[in-house]
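Colleague: Spelled out from the first residue to the last, the chains are:
Protein chains: 6
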Amino acid sequence: MSNRQLIQVINPNTSLAMTETIGRAARAVAGANTDILAVCPAQGVPSIEGHFDEAIAAIGVLEQVKAGREQGARGHVIACFGDPGLLAARELASGPVVGIAEAAMHVATLVATRFSIVTTLPRTVVIARHLLQQYGFVHHCAAIHAIDLPVLALEDGSGVAQEKVRQRCIQAKREDGSGAIVLGCGGMADLAQELTRELGLPVIDGVGAAVKMVESLLALGLGTSKHGDLDYPVAKRLSGQFERLN
Amino acid sequence: MSNRQLIQVINPNTSLAMTETIGRAARAVAGANTDILAVCPAQGVPSIEGHFDEAIAAIGVLEQVKAGREQGARGHVIACFGDPGLLAARELASGPVVGIAEAAMHVATLVATRFSIVTTLPRTVVIARHLLQQYGFVHHCAAIHAIDLPVLALEDGSGVAQEKVRQRCIQAKREDGSGAIVLGCGGMADLAQELTRELGLPVIDGVGAAVKMVESLLALGLGTSKHGDLDYPVAKRLSGQFERLN
Amino acid sequence: MSNRQLIQVINPNTSLAMTETIGRAARAVAGANTDILAVCPAQGVPSIEGHFDEAIAAIGVLEQVKAGREQGARGHVIACFGDPGLLAARELASGPVVGIAEAAMHVATLVATRFSIVTTLPRTVVIARHLLQQYGFVHHCAAIHAIDLPVLALEDGSGVAQEKVRQRCIQAKREDGSGAIVLGCGGMADLAQELTRELGLPVIDGVGAAVKMVESLLALGLGTSKHGDLDYPVAKRLSGQFERLN
Amino acid sequence: MSNRQLIQVINPNTSLAMTETIGRAARAVAGANTDILAVCPAQGVPSIEGHFDEAIAAIGVLEQVKAGREQGARGHVIACFGDPGLLAARELASGPVVGIAEAAMHVATLVATRFSIVTTLPRTVVIARHLLQQYGFVHHCAAIHAIDLPVLALEDGSGVAQEKVRQRCIQAKREDGSGAIVLGCGGMADLAQELTRELGLPVIDGVGAAVKMVESLLALGLGTSKHGDLDYPVAKRLSGQFERLN
Amino acid sequence: MSNRQLIQVINPNTSLAMTETIGRAARAVAGANTDILAVCPAQGVPSIEGHFDEAIAAIGVLEQVKAGREQGARGHVIACFGDPGLLAARELASGPVVGIAEAAMHVATLVATRFSIVTTLPRTVVIARHLLQQYGFVHHCAAIHAIDLPVLALEDGSGVAQEKVRQRCIQAKREDGSGAIVLGCGGMADLAQELTRELGLPVIDGVGAAVKMVESLLALGLGTSKHGDLDYPVAKRLSGQFERLN
Amino acid sequence: MSNRQLIQVINPNTSLAMTETIGRAARAVAGANTDILAVCPAQGVPSIEGHFDEAIAAIGVLEQVKAGREQGARGHVIACFGDPGLLAARELASGPVVGIAEAAMHVATLVATRFSIVTTLPRTVVIARHLLQQYGFVHHCAAIHAIDLPVLALEDGSGVAQEKVRQRCIQAKREDGSGAIVLGCGGMADLAQELTRELGLPVIDGVGAAVKMVESLLALGLGTSKHGDLDYPVAKRLSGQFERLN
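Chain order of the listed sequences is A, B, C, D, E and F.
If you read the first sequence in the numbering used here, its first letter stands for residue 2, the second for the next number, and so on.
If you read the second sequence in the numbering used here, its first letter stands for residue 2, the second for the next number, and so on.
If you read the third sequence in the numbering used here, its first letter stands for residue 2, the second for the next number, and so on.
If you read the fourth sequence in the numbering used here, its first letter stands for residue 2, the second for the next number, and so on.
If you read the fifth sequence in the numbering used here, its first letter stands for residue 2, the second for the next number, and so on.
If you read the sixth sequence in the numbering used here, its first letter stands for residue 2, the second for the next number, and so on.
In case anyone wonders, no lab produced these hints; they're calculated from the structure.
Accuracy of the hints is not assured; some may be wrong.
Said to hold, decoys possible - Derived pair list, reagent style DSS-like, types lysine-lysine, alpha-carbon separation capped at 25 Å: (1) E:67 x E:165; (2) E:67 x E:237; (3) E:237 x E:227; (4) B:237 x A:165; (5) A:237 x A:67; (6) C:67 x C:237; (7) F:227 x F:237; (8) A:237 x B:237; (9) C:67 x C:165; (10) C:237 x F:237; (11) A:237 x A:227; (12) E:165 x D:237; (13) D:165 x E:165; (14) C:165 x F:165; (15) B:67 x B:237.
Construct the entire structure; sequences and hints are all you get.
Modeller: Here it is as structure tokens:
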């Protein structure tokens, strides 16, 4: 009972199928005392494939973090590879908030000297590139590959996108000189384990990685620092559609 | 008539007084054929002092860019020093979109080998630092100073914040070895000219700088590239409060 | 009359034909109140294709800046893609001095997340690379391509070099994942507009970009900072061939 | 039983007291199914305060990793803030190997935008600086402070070193603008929790952090990549004192 | 007599044949007053092809530096391209200590704007990459090539490895746009002069380069700085197999 | 006779006194077979204290390199801390060309993990900073200090400037945590040896360092690479005052 902890896993898009995939991946690695609350915003974008989509998704992330706190969540995962709203969510939260891109990249550097990323549309490559720069991993990433299919192709049941991911991972292994591969989309979460086995190198899903990072921070008694620039937002009245965030 | 061009200057917060200040600064430098449309979102945050505020402000920026396009605006300025929603707005726009932090930093590197930034709250320093990194100017910035007053203190009519900005600029000139100073808040736009004169070095306001950058791009026949990752957002149905952005 | 402003555009090599091309490109974008004075040194190198050529050209640039000031020029453009003598010219000038490489690179980052450069001889690639580093744009440049023809091939009237530039731009668009292309030679100035149209992405000529940057700085009331390391040269007697620069 | 996992925590110096401290810190955060095996080399240096000490300690680390594998350890922690022998140990191990500097730095970036480090002797500062560069965190570290006492002062029972650490942490909080503090020595492991409470910001001990990272990697089914440059050492016969490592 | 100086060249692996090759290369360029003492550890690894090998080799290097000092060596060269134990050896030495990777890279930047590296096994590429980062030459290196043969293939008398090195150098010259090539293994020392002649560009052997660097430092009256973090190791009792290093 | 080699040491300013100082420093460390030819341009600037001065000095350097080659010089030193005209001179020369800033910085990284620079006027600091960036040593330099006296104060016979240099070196040793100090002006060349002794750490003069680098390159059979971007200047007719350089 009392020793159970609730971790909220937020799919920033509105796809229920993807929320399912993500929730499943989270539960598959969660600790015995962890309950996973997989959610997505009621309003927003059905998939996230650019900066515009990310800006909208960030609002959903913030609303969910607020709701999650009220529901007793002790930590939060942002389950989209662009980590939309990450620093904003950290301001709002007292517990840890970890993005799946961030988590996957950190984990990759612990098991290999360089990693490759396999993502969806070419236009999301720039997002990954900016994150590498912000997180400090520019020199740890050998290459970023796009399968050139939209995010939701991963949920169409045909397996075509999954097979493209697989092919790109095989190619990345052969050509990049990388020791690990990072899957660049929350919707690929369920592929990691099998690809790891098939390819014989770590293929890393950020959802699982982020859940373990949040659990780790909680076990260490660490939450988001409230000293300095991640302190709670300066109190001010939000108006209109944003009143919910007051 | 037909040779006039409309540039939209978006104050991402909801403060009408600051929108006035910004509009005035924009008009003061605009070219003879330029009309300035100074706007702010109807809903959002009264001031922007952190990542949370920025995430909310980004939505207002996007709504305004959409509205601006419909009103015939040929270019857009994002008039908050964090450049909230910049890349998302670029996806939405066909014309140029320039942020005031970006513009001020670019301009500073054209007139000095290094510059200092004077901003409002200490917690916004990290935002400036991330922008320096993203824009490539880490080595061009000697120091970032915060006056430790909230953004809206610039609009309280007392002049206290303005005097603090002035003091910090004087100190920065003396101590940083910088050749120019960048004012780190849209609400400081009306101070640049006088401080430039008093201090005897370029004190740069991003609002004016961004207006001139947009005008320059228009004169060069250049808009936001629609080839690659700043192309229009992938068509998808936005739901709920975001329907307005469809 | 009195509200007209003179901007000096300096072709650092001695080619009159190229000075013509550059002057034309400058005038094509100059504001209604701007007069363009396109000049080149009487003595120096007929084209600039390496560090040696640049060192010689820098002297011509300085002599022209001095002459330009005496003729009432309020700002100066250095119209060679290596920006030869840029910081030295800034020391000499009170108004703004902008190089065309610098201007084109800045502009490119305002309309795309990454750009490619198309230049002339392979041996000038290193010059572009050093400028990217100095200006902070290493991570914004996807690739630098050389057409492997000398600078003056652009002025031989055959159109061969122009066609090579065009082919390289098409190739760069296809392969680099860049949203914009920067033309890496003042002699390519007249190609930008047509290539922009043909390729469907911003193809940027630095001459036009630099003129607009200088106009922008002037409109903002900004000149080169005379506080610190761009102050006028320490007074000392120059001897021999350099007496002209006293 | 069978679901229990053994994690080996290697103190690279020969101090038994410090091995105790480190083992205690590891066990304090270890998961319910984790057994901690805290060890140190039989031969080597009593404390690690420079590159020479690190080179010697690396051999002890390798011997222990080899022994640990034979004892069934599924993962390994290198509990000295210089992470001596980290990449070499990764070659030797199949499971994950995590250094405490690495782990603490990673964790710090998840809870704050910048962190400070408090270490022992000034001469170890360069080691921390090199690790920041190797791991990609140069821009995330605001400052490195040294208390100017040798490592073993932390084990002399007087509490003087501990008080110095505390004072430096307080000073770092006040002056650096950091949101978190990283303790730069395995011998400080038992101070983190209390300092976190007293200072009101995350004070991070790498020992605990590394244990949680190893547990996380194990839960994710990830070990050190054996594809590429962290593969097992190329088979060759080691001679003399190194025969033990064959 | 008295004006002769002894420079110790340490082959960090135990291969006598390679020690011969290295000694010969050192003597070929040594000054008239320099005596070369080419040594290798009695115990350790027969070749160095990864971090594990390097960790072991570092001990041999330290033992040799200690011995060398006792024999009157005034400076030391570490003749393995990973520069194993470099900073540790500097702590131990009063005279200069120079690694061959370091020396070759420094020299390359003095004769070309960019260089390529040709090394042995692919798994050693990461070592070269880390050194480039540590030494500051990331932007000076165009590419790192591996011939995919083990180090000792250079000593098997067949000439196969030598021919592969030659082929790779030719390819690097053609494809990388580099002005110089650095040979990435001490065992390639005797190839530099001939390849320089054949290829018509500087092909740099680190052994010779390091000997000249040490001689240069000695002529300048400079040894390793004993102020700060390269001071002699903090005195402490080493135990067991390391007693020799006391 | 035939085995003697001539190295040309070029003082890029026109001060004969400084040329003397520099020549003396060069001869003090030159090898037994080396003849030093210390020269300065007949025309140019009496001292170099900014980018303008450097641009002029570069021409003198080129004229001297040309003359030096005709006089049989096998290598060249550019003896001003800004390394004016370095890459241009390399194009012109077949033998090695080394700048004193470059040489001093390289040498400093061989004897210490970080160094400080002591220079003359504050406005030259930016020049040193740009060189650090170009050479790759940004992270190896702890601080740059200016004594705030013009270059020629070093030649006024009063010793005031020398004492200021000494004081700044002492301060740098105490405050910067550096293991070595680089003297940032050719006119300080004769101070290095005594300051090294007095301060107990390497105080490095670039003139001596550059002479030894050139000698080293010659001994290694290496000259400036003529493959790629340092090849001889593209043949073209120089006009007017530059005819001498044809």
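Colleague: CA of residue 165 of chain C to CA of residue 165 of chain F, is that 25 Å or under?
Modeller: violated (58 Å)
Colleague: For the pair supplied as a hint, residue 67 of chain E and residue 165 of chain E, confirm whether the alpha-carbon distance does not exceed 25 Å.
Modeller: violated (37 Å)
Colleague: Between residue 67 of chain E and residue 237 of chain E, does the CA-CA distance stay at or below 25 Å?
Modeller: holds (16 Å)
Colleague: With a cut-off of 25 Å on the C-alpha distance, tell me whether residue 237 of chain B and residue 165 of chain A pass.
Modeller: holds (23 Å)
Colleague: Please work out if residue 227 of chain F and residue 237 of chain F have their alpha carbons no farther apart than 25 Å.
Modeller: Holds. Residue 227 of chain F to residue 237 of chain F sits at ~18 Å (cutoff 25 Å).
Colleague: Quick one, are residue 67 of chain C and residue 237 of chain C close enough, alpha carbons at most 25 Å?
Modeller: Holds, at about 16 Å.
Colleague: For the pair supplied as a hint, residue 165 of chain E and residue 237 of chain D, confirm whether the alpha-carbon distance does not exceed 25 Å.
Modeller: holds (23 Å)
Colleague: Please work out if residue 237 of chain C and residue 237 of chain F have their alpha carbons no farther apart than 25 Å.
Modeller: At roughly 33 Å apart (the allowed maximum being 25 Å), residue 237 of chain F and residue 237 of chain C break the hint.
Colleague: Is it true that the CA of residue 67 of chain B sits at most 25 Å from the CA of residue 237 of chain B?
Modeller: Answer holds: residue 67 of chain B to residue 237 of chain B is near 16 Å, not above 25 Å.
Colleague: Could you grab the alpha-carbon distance between residue 67 of chain C and residue 165 of chain C and see if it respects the 25 Å cut-off?
Modeller: violated (37 Å)
Colleague: Starting from residue 165 of chain D, check that the Cα of residue 165 of chain E is at most 25 Å away, please.
Modeller: Outside the cut-off at roughly 58 Å; violated.
Colleague: Would the hint linking residue 237 of chain A and residue 237 of chain B be met if the CA-CA limit is 25 Å?
Modeller: violated (33 Å)
Hint compliance for this structure: hints 1, 8, 9, 10, 13 and 14 are broken, all remaining hints hold.
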